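S.K.: Start from chain U and add chains D and C according to the hints.
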Amino acid sequence: MIKRLFPMPIHTLILLLVWLFLNDFSVGHLILGFIISVGICLIAAPLMDEHPTVKRPLLALRYALMVLLDIIKSNFEVAVRVLSPNASLRPGMVALPLDLEGEFPLAVLASTISLTPGTVSVDFSEDMKWLYVHVLHIDTEEAVIHLIKQRYEQPLKEIFAC
Amino acid sequence: MSLVEWIASFLLVMGGVFVLIGAVGMVKLPDVYTRLHAPTKATTLGIGCILIASMCLHAVRGEGFAIQELVISLFLFITAPVSAYMIAKAALHRRVPMRDGTVNMALAEQARERQSPTAVPGSATQQPSE
Amino acid sequence: MLDQVLLGVAVLVGLALVLNAWRLIIGPTVTDRILALDTMYINCIALIILLGIYFDTSLFFEAALLIAMLGFVGTAALSKYLLRGDIIE
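Protein chains in written order, with numbering that gives the first Met the number 0: chain U, 0 to 161; chain D, 0 to 129; chain C, 0 to 88.
Only chain U is shown next, with the shape it has when bound in the complex:
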């Protein structure tokens, strides 16, 4: 019964919180937000696919903080690169071999790569074993691949335990 009413309990909670953030905290909004979030989850539940859940939430939090710091730090680097003359740029494509599996972890990895400056993920290969990345400035290809694998893919593998 409870399972049928709340097919996605975490999503329901997040929706309710967002509703309360966007409005004021009052009993009326609590009830209205509760009804709306339960309704949305009931409608959306059949669309959900199975995907690996976060096994280690603390590590995920550390990962998010690390990515945030990386974004800020390396944005200065890209700012310098953008303002320097075009001739000194060496843009290029890199094919990144993936050890990670599952759509959700791969989506997180691709988004992280896009958000950290200097790299944009372009496409996956059909068999989901390779990720094509466009890099703003390549020194050596191996260094780029090593950095991404070490710094972002390794923690993600631990977080999703796959």
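Simulated from the structure, these hints should not be mistaken for laboratory data. All values derive from a computational prediction rather than experimental measurement. Be aware that a few hints might be false.
[Stated by the list, open to error] Listed below are the simulated DMTMM-like cross-link pairs for lysine to aspartate or glutamate, each with C-alpha atoms no more than 25 angstroms apart in a straight line:
(1) K79/C - E140/U
(2) K72/U - E140/U
(3) K148/U - E125/U
(4) K54/U - D138/U
(5) K54/U - E100/U
(6) K79/C - E108/D
(7) K128/U - E100/U
(8) K128/U - D98/U
(9) K79/C - E102/U
(10) K72/U - E4/D
(11) K72/U - E49/U
(12) K128/U - D48/U
(13) K54/U - D23/U
(14) K148/U - D126/U
(15) K128/U - E49/U
(16) K79/C - D31/C
(17) K156/U - D23/U
(18) K148/U - E108/D
(19) K148/U - D69/U
(20) K79/C - E125/U
(21) K27/D - E102/U
(22) K128/U - E108/D
(23) K79/C - D98/U
(24) K156/U - D48/U
(25) K79/C - D30/D
(26) K54/U - E76/U
(27) K27/D - D31/C
(28) K79/C - E112/D
(29) K128/U - E76/U
(30) K27/D - D138/U
(31) K128/U - E112/D
(32) K72/U - E141/U
[To be verified] Among the chain D residues that face chain U by a calculated CB cut under 8 angstroms, a handful are:
(33) G24
(34) L44
(35) P96
(36) N103
[As the list claims (entries may be wrong)] Using C-beta positions, here's what the derived DEER-type ranges look like:
(37) E108/D - Q3/C: 48 to 54 angstroms
(38) W5/D - L58/U: 34 to 40 angstroms
(39) L50/C - M65/U: 30 to 36 angstroms
(40) T56/C - L29/U: 23 to 29 angstroms
The beta carbon of each residue, even a glycine, is placed where N, CA and C say it ideally should be.
M.R.: What follows is chains D and C alone, placed relative to chain U:
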């Protein structure tokens, strides 16, 4: 001026400068793929700074802790990589040329067909590492 | 003091908008134009938030949130159209 206003002013100026750098990169960089880098990152960080400054100011002015700004910046941080990915894919699909001197330009062909880079012998640059 | 800072930052963002509009006009490809539009949406959000700080109201945030969502959906729809020749398959 209070301390919070100083911090907010600093964040506002930093945000403005980053937004401007994103736009300068937009005009100056040589092809679509390099241009993707400037707006998706510099602009997103810039707007994040401005939103945090706005959050501080609203908290100090005693209208309660306005969390809406946080929702907006979270939304932008989630959607920016997705739209960058979609634009890059569309550019590849339409065979928008890359700038001369791009490293591994042959990989674009395989990325468009969604093959693995080892599919065509000779053009592979990297063996899968375990 | 804060008002002057706000004015200065608004000038910076406005300049960014002009530069993006320049890219929107000169192209040269459709994807460039989509990218320019996407960036202009985000710059508009920045301007609206600056206005919200200036007038000291939180009335504008809903507008900013709406623009953020519409901008994302617009970019996604345009790219999808280029990719497949259709938006809803």
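S.K.: Taking the hints in turn, state whether each one holds.
M.R.: Results for each hint:
Note on K79/C and E140/U: the hinted pairing is violated, with a Cα-Cα distance of about 31 angstroms set against a maximum of 25 angstroms. Of the pairs offered as hints, the one joining K72/U and E140/U holds, with about 21 angstroms between alpha carbons and a cut-off of 25 angstroms not exceeded. For the given pair, K148/U sits about 20 angstroms from E125/U by alpha-carbon distance, which is consistent with the 25 angstroms threshold. With a CA separation close to 36 angstroms, the supplied pair K54/U and D138/U exceeds the 25 angstroms bound.
Between K54/U and E100/U the alpha-carbon distance is near 15 angstroms, which keeps this suggested pair within the 25 angstroms criterion. For the given pair, K79/C sits about 20 angstroms from E108/D by alpha-carbon distance, which is consistent with the 25 angstroms threshold. Using a Cα cut-off of 25 angstroms, the hinted pair K128/U and E100/U holds, with the two alpha carbons roughly 8 angstroms apart. Restraint check for K128/U and D98/U: satisfied, since their Cα atoms lie roughly 7 angstroms apart, inside the 25 angstroms limit.
This hinted pair checks out: K79/C and E102/U have alpha carbons roughly 20 angstroms apart, not beyond 25 angstroms. Taking the CA atoms of K72/U and E4/D, the gap is near 24 angstroms; set against the 25 angstroms cutoff, the hint holds. At roughly 35 angstroms between alpha-carbon atoms, K72/U and E49/U are farther apart than 25 angstroms, so this suggested pair is violated. Distance hint between K128/U and D48/U is fulfilled; the C-alpha atoms sit about 20 angstroms from each other, no more than 25 angstroms.
Simply put, K54/U and D23/U have alpha-carbon atoms about 33 angstroms apart, too far for the 25 angstroms limit, and the pair is violated. Annotation: proposed proximity of K148/U to D126/U holds, straight-line Cα distance about 19 angstroms (limit 25 angstroms). At most 25 angstroms may separate the alpha-carbon atoms for a hinted pair to count; K128/U and E49/U meet this at roughly 20 angstroms. With a CA separation close to 15 angstroms, the supplied pair K79/C and D31/C stays within the 25 angstroms bound.
Between K156/U and D23/U the alpha-carbon distance is near 39 angstroms, which puts this suggested pair outside the 25 angstroms criterion. Restraint check: the Cα-Cα separation between K148/U and E108/D comes to about 24 angstroms, which is no more than 25 angstroms; the hinted pair holds. Annotation: proposed proximity of K148/U to D69/U holds, straight-line Cα distance about 15 angstroms (limit 25 angstroms). A hinted pair counts as satisfied when its Cα atoms are at most 25 angstroms apart, and K79/C with E125/U qualifies at roughly 18 angstroms.
Restraint check for K27/D and E102/U: the C-alpha separation of about 35 angstroms exceeds 25 angstroms, so the hint is violated. With a C-alpha separation of about 17 angstroms, the suggested pair K128/U and E108/D falls inside the 25 angstroms cut-off, and the hint holds. Distance hint between K79/C and D98/U is unfulfilled; the C-alpha atoms sit about 29 angstroms from each other, more than 25 angstroms. With a CA separation close to 20 angstroms, the supplied pair K156/U and D48/U stays within the 25 angstroms bound.
Distance restraint check for K79/C and D30/D: the Cα-Cα separation of roughly 21 angstroms lies within the 25 angstroms cut-off, and the hinted pair is therefore satisfied. Simply put, K54/U and E76/U have alpha-carbon atoms about 34 angstroms apart, too far for the 25 angstroms limit, and the pair is violated. In summary, the hint linking K27/D to D31/C is supported, as the alpha carbons are separated by about 12 angstroms, within the 25 angstroms threshold. Among the hinted pairs, K79/C with E112/D is consistent with the structure: their alpha-carbon atoms are about 17 angstroms apart, no more than 25 angstroms.
Between the alpha carbons of K128/U and E76/U the distance comes to roughly 30 angstroms, so the proposed pair goes past 25 angstroms and is violated. Distance check on the hinted pair: K27/D and D138/U sit about 21 angstroms apart at the alpha-carbon level, within 25 angstroms; holds. Proximity of K128/U to E112/D is assessed by CA-CA distance (about 14 angstroms); at most 25 angstroms being required, the pair is judged to hold. Pair hint K72/U plus E141/U holds up; C-alpha atoms about 22 angstroms apart against a cutoff of 25 angstroms.
At a threshold of 8 angstroms, the smallest CB-CB gap from G24/D to chain U is about 4 angstroms, leaving the interface hint in force. The beta carbon of L44/D comes within 5 angstroms of a beta carbon in chain U, closer than 8 angstroms, and the hint placing it at the interface holds. Look at P96/D: its Cβ only gets to about 13 angstroms from chain U, farther than 8 angstroms, so that hint breaks. Hint status for N103/D relative to chain U: holds, with the closest Cβ pair at about 4 angstroms, below 8 angstroms.
For E108/D and Q3/C, the hinted distance range of 48 to 54 angstroms is satisfied, since their beta carbons lie about 53 angstroms from each other. Between W5/D and L58/U the CB atoms are about 36 angstroms apart, so this pair conforms to the stated range of 34 to 40 angstroms. Taken as a hint, the range 30 to 36 angstroms holds for the pair L50/C and M65/U, whose Cβ atoms sit roughly 34 angstroms apart. Between T56/C and L29/U, the C-beta spacing of about 25 angstroms keeps the proposed range 23 to 29 angstroms intact.
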